[in-house]
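Trainee: Based on the hints, put chain B in the right spot on chain A.
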Amino acid sequence: MTPKLTLGPIAYHWSAEERRDFYARIADEAAIDEVYLGEVICSKRAPFHEADLPATIERLERAGKTVVLSTLAEVMLKRERKATGDLADMDHPEIEINNAAGLYARGTRPHRIGPFMNGYNEATIAWMAGKGATHVCLPTELPGEAIAVAAKAARALGLGVEVQVFGRASLAVSARCYHARAHGRTKDNCQFVCENDADGMPLRTSDDRPILRINGIQTQSESYVSLLPECTALTAGGVTHLRLMPQAVDMVQVAAVFRGVLDGALGLAGAEARLQELCDGIGFSNGFFHGQAGYRRITAASPA
Amino acid sequence: MSLAELICPAGTPAALRTAVDAGADAVYCGFQDATNARNFPGLNFTPDELAASVAYAHARGTKVLLALNTYPPAGKVDLWRQAADTGARLGVDAFIVADMGVADYIARTHPDVRLHLSVQAAASSPEAIRYYCEEFGVKRVVLPRILTIPEIRQIRKEIPCEIETFIFGNHGLMVEGRCSLTNYLTGQSTNMDGVCSPASDVTYERCADGAMASRLAGFTIDRFGPEENAGYPTICKGRYTAPHRDEAFYAFEEPVSLNLSRLLPELIEAGVHAFKIEGRQRSKSYVRGVVSAFRKAVDDIRAGREADIADLVALTEGQKQTQGAFQTKKWR
Numbered sequence: 263m264t265p266k267l268t269l270g271p272i273a274y275h276w277s278a279e280e281r282r283d284f285y286a287r288i289a290d291e292a293a294i295d296e297v298y299l300g301e302v303i304c305s306k307r308a309p310f311h312e313a314d315l316p317a318t319i320e321r322l323e324r325a326g327k328t329v330v331l332s333t334l335a336e337v338m339l340k341r342e343r344k345a346t347g348d349l350a351d352m353d354h355p356e357i358e359i360n361n362a363a364g365l366y367a368r369g370t371r372p373h374r375i376g377p378f379m380n381g382y383n384e385a386t387i388a389w390m391a392g393k394g395a396t397h398v399c400l401p402t403e404l405p406g407e408a409i410a411v412a413a414k415a416a417r418a419l420g421l422g423v424e425v426q427v428f429g430r431a432s433l434a435v436s437a438r439c440y441h442a443r444a445h446g447r448t449k450d451n452c453q454f455v456c457e458n459d460a461d462g463m464p465l466r467t468s469d470d471r472p473i474l475r476i477n478g479i480q481t482q483s484e485s486y487v488s489l490l491p492e493c494t495a496l497t498a499g500g501v502t503h504l505r506l507m508p509q510a511v512d513m514v515q516v517a518a519v520f521r522g523v524l525d526g527a528l529g530l531a532g533a534e535a536r537l538q539e540l541c542d543g544i545g546f547s548n549g550f551f552h553g554q555a556g557y558r559r560i561t562a563a564s565p566a
Numbered sequence: 234m235s236l237a238e239l240i241c242p243a244g245t246p247a248a249l250r251t252a253v254d255a256g257a258d259a260v261y262c263g264f265q266d267a268t269n270a271r272n273f274p275g276l277n278f279t280p281d282e283l284a285a286s287v288a289y290a291h292a293r294g295t296k297v298l299l300a301l302n303t304y305p306p307a308g309k310v311d312l313w314r315q316a317a318d319t320g321a322r323l324g325v326d327a328f329i330v331a332d333m334g335v336a337d338y339i340a341r342t343h344p345d346v347r348l349h350l351s352v353q354a355a356a357s358s359p360e361a362i363r364y365y366c367e368e369f370g371v372k373r374v375v376l377p378r379i380l381t382i383p384e385i386r387q388i389r390k391e392i393p394c395e396i397e398t399f400i401f402g403n404h405g406l407m408v409e410g411r412c413s414l415t416n417y418l419t420g421q422s423t424n425m426d427g428v429c430s431p432a433s434d435v436t437y438e439r440c441a442d443g444a445m446a447s448r449l450a451g452f453t454i455d456r457f458g459p460e461e462n463a464g465y466p467t468i469c470k471g472r473y474t475a476p477h478r479d480e481a482f483y484a485f486e487e488p489v490s491l492n493l494s495r496l497l498p499e500l501i502e503a504g505v506h507a508f509k510i511e512g513r514q515r516s517k518s519y520v521r522g523v524v525s526a527f528r529k530a531v532d533d534i535r536a537g538r539e540a541d542i543a544d545l546v547a548l549t550e551g552q553k554q555t556q557g558a559f560q561t562k563k564w565r
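Listed in order, the protein sequences are those of chains A and B. Everything in the first sequence is counted per the working numbering, starting at 263 for the first residue and increasing by one. Everything in the second sequence is counted per the working numbering, starting at 234 for the first residue and increasing by one.
In isolation and in its complexed conformation, chain A is listed as follows:
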């Protein structure tokens, strides 16, 4: 089975116009099979781009992409409960659930399990499959050994199995908005200050070492996860879908690099050099996959 490349939901507060342009290019040019849409991080942002959703879905589907709508990772307020319930009511497109509130609303109708749903192991995945899950995106911090066991079990149950192979890792979510806090505001009067940081707000240690990125209520890794060298092993081990998270770089070209490696058209060394060129100034990491500190970059030749 040919592994599929997917594009995860946009984590940041990109403007409606930026999103329209972004998805138009993805539809027309990107070697991506499936696209996840929808606001996962902050329910306050949703009204800015909700109106465009039907047109974006149509555009992507006309281009032959499978579209999946992702639900919020954190569900607490009335509007968040309603948004989750509304998505769970839909028959088309597919939905990816990121909070147990969504599982409750969806019942046993088919759905995908998102990376915030903590499908860490074969027992949990089997439970979820019994309740209508058709596909699971594994947690970003899961090491390769566990991915192999989880993927095998999920495949045996007929589920699709997805792993994030590119982009900043989600490290935490909170009820508090750290973008607002950094600007002396609170979540309720944030004035959408997060819109100024298309790739997250960088935090550095007091001795000037880059460490984390803030995206509203979410904390992300400073480095981009890149499992380019591990892609082949992942798919050989039963992973069916490889997820690229949208970052403020040329995602069409990023997808082309991954597609090239998966198809055997690009050598790994050249592909890695090309990816670094596309993500100028960005550090890559694959520590989680290797069971080490997530920020680390482990190379086959010289383990750190």
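Because the hints were derived from the structure by calculation, they are not lab data. Source: prediction; values computed, not measured. Keep in mind that a hint or two might mislead.
[What the hints assert, rightly or not] Below, computed lysine-lysine pairings styled on DSS-like, alpha-carbon distance capped at 27 Å:
(1) A:Lys344 x B:Lys553
(2) A:Lys340 x B:Lys372
(3) A:Lys393 x B:Lys372
(4) B:Lys517 x A:Lys340
(5) A:Lys327 x A:Lys266
Mentor: Coordinates of chain B only, in the frame set by chain A:
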């Protein structure tokens, strides 16, 4: 009125006896492995210690809750199942769980033992809580520390199970069960290994300018001037710079601890069944002081007397404290 049970930390058999003697209605504890979220060196129980501790607690009318509240990585599920089997055999009164696979196993294998939903499951809406109640028969939910009292009161009306809230101790900033910060810097996971900012990765270093740097796995989490006490390097309590802020600031939260003693009467009135005191990593004398003070306050409130809140407030004297999200949503 709710029962207002006091749920107290037991990091060691000695701390467990201390908490029982000081008036805990229930104690919570874990085994010496990754199956619980306080997998710290020198803490927790062997099966034999747990057996003796259950006997000690039950003889005095105190319940024992076993935390199995981490997420087994694929391939290691058996460790959690064995822990559940052992706990059931030793007669614990409830399991505190987060992982659906673990919850499903216990619901099927040990249906007579109560299931409590850990804060690690991050169930913060009536729908999420109902999911766990209906699917696994969960009898109590430990609410994330992100809700205001009016929100708790509302949730109470919409769910079929009891509510437990944290009232005192460490103030976690991130949604529990969704935090990989420690794993990102150290390679040890809070969710899978039960580890948060592990002591083995902590170093302190005096810098050339006289400041003290506290580091986790080599990352400077905070720097302290000569007059400041160097705090423990917890990632979400560190000081960092941002492009528009050259001066390092507490990007997430100051190193404060949670103290809801002033809100106790309101929480009881809102229908909270049980109050959890954090601190399995704390000393016996800490456990004794905190548990007895809260015991007295809760008894006073239940008897319709004015509680001496000043004693509770004094417990964190000299330390910054917060009521977090409970008092106002401006905290968010």
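Trainee: Quick one: which hint numbers does this structure break? Sort them smallest to largest.
Mentor: Result: hints 1, 4 break, sorted rising.
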